[in-house]
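Trainee: Read in order, the letters of the sequence shown correspond to residues 19 to 188 in the working numbering.
Take these hints with a grain of salt, some might be off.
Computed beta-carbon distance windows for the label pairs [said to hold, decoys possible]: (1) Gly186 - Ser97: 33 to 39 Å; (2) Gly105 - Gly52: 34 to 40 Å; (3) Arg78 - Asp34: 25 to 31 Å; (4) Gly105 - Pro60: 34 to 40 Å; (5) Phe86 - Val33: 37 to 43 Å; (6) Phe86 - Ala61: 21 to 27 Å; (7) Gln71 - Gly20: 20 to 26 Å; (8) Leu117 - Gly186: 40 to 46 Å; (9) Trp142 - Pro166: 35 to 41 Å; (10) Leu156 - Pro185: 19 to 25 Å; (11) Glu141 - Asp53: 35 to 41 Å; (12) Pro49 - Trp142: 24 to 30 Å.
The set of hints was computed from the structure by calculation and includes no laboratory data.
Since the structure is predicted, the reported quantities are computational estimates derived from the model, not experimental observations.
Backbone N, C-alpha and C fix where the C-beta goes; we use that ideal spot for every residue, glycine too.
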Amino acid sequence: MGSFSEVVMSLDFRVDTPAEVLAAFSALEQPIPGDAWWGPAPALPEPVIEPVQWWSPDWREAGETDEFEAEPWRHDWASWLSGSMSGSTVASAALVWTLSKRWNLTCRCSFKSWAEAIFVFLEWLGPFIDSWEDRPRLVGYIDDEQEPRPYLLWVQHRRLVMEDLNPGGG
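All chains should be built: construct the whole structure from the sequences, respecting the hints.
Mentor: Written out as structure tokens, the structure is:
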């Protein structure tokens, strides 16, 4: 039957993130108060409409090929990051304009897959995540129900990396 993994992330997009990348998440936009001193939020591009009916983030595990492999933002990530394949995860996702004048993506979702496969399909986000140059920045975790401890997600030097906290993990 397979196992489920819960993904919890909160990341700030870099100020130079291309509009087409933000479009993959723009359906998650949450309004900020009209009188917010850090507003108004810049206009987001229209949300991506999924171009392929069969597509899912774990297309590799399903043995499929993806014509947009080099441009994963051309898929509707908002739907996947705001949903849950598990009855034990209450899914939520939001894209919010923050005090730091960056778009923040926060999500809690689950996939019927293992942590390593999930990391592979999220890894493309690394170059677009705001990070500190001198040390890693924690942006989330993946909790694989088959493992006793979660896998941490860090960004540093424009790369998303995963740290395995499980005994014998690396």
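Trainee: Each hint needs a verdict: does it hold in this structure or not?
Mentor: Verification of the supplied hints:
In this structure the supplied range 33 to 39 Å holds for Gly186 paired with Ser97, their Cβ-Cβ distance being about 35 Å. At roughly 38 Å, the beta-carbon separation of Gly105 and Gly52 lies within the given 34 to 40 Å, and the hint holds. The supplied range of 25 to 31 Å is met by Arg78 and Asp34, whose beta-carbon atoms lie about 28 Å from each other. Distance hint check for Gly105 and Pro60: the Cβ-Cβ separation is about 37 Å, which falls inside the suggested range of 34 to 40 Å.
In this structure the supplied range 37 to 43 Å is violated for Phe86 paired with Val33, their Cβ-Cβ distance being about 25 Å. The beta-carbon spacing between Phe86 and Ala61, approximately 24 Å, falls within the hinted interval of 21 to 27 Å. At roughly 22 Å, the beta-carbon separation of Gln71 and Gly20 lies within the given 20 to 26 Å, and the hint holds. For Leu117 and Gly186, the hinted distance range of 40 to 46 Å is satisfied, since their beta carbons lie about 41 Å from each other.
Between Trp142 and Pro166 the beta carbons are some 28 Å apart, a value that contradicts the proposed interval 35 to 41 Å. The given range of 19 to 25 Å is respected by Leu156 and Pro185, whose C-beta atoms sit roughly 21 Å from each other. Range check, Glu141 to Asp53: Cβ separation about 39 Å, and the 35 to 41 Å hint holds. Checked against the hint of 24 to 30 Å, the pair Pro49 and Trp142 passes, with Cβ atoms roughly 28 Å apart.
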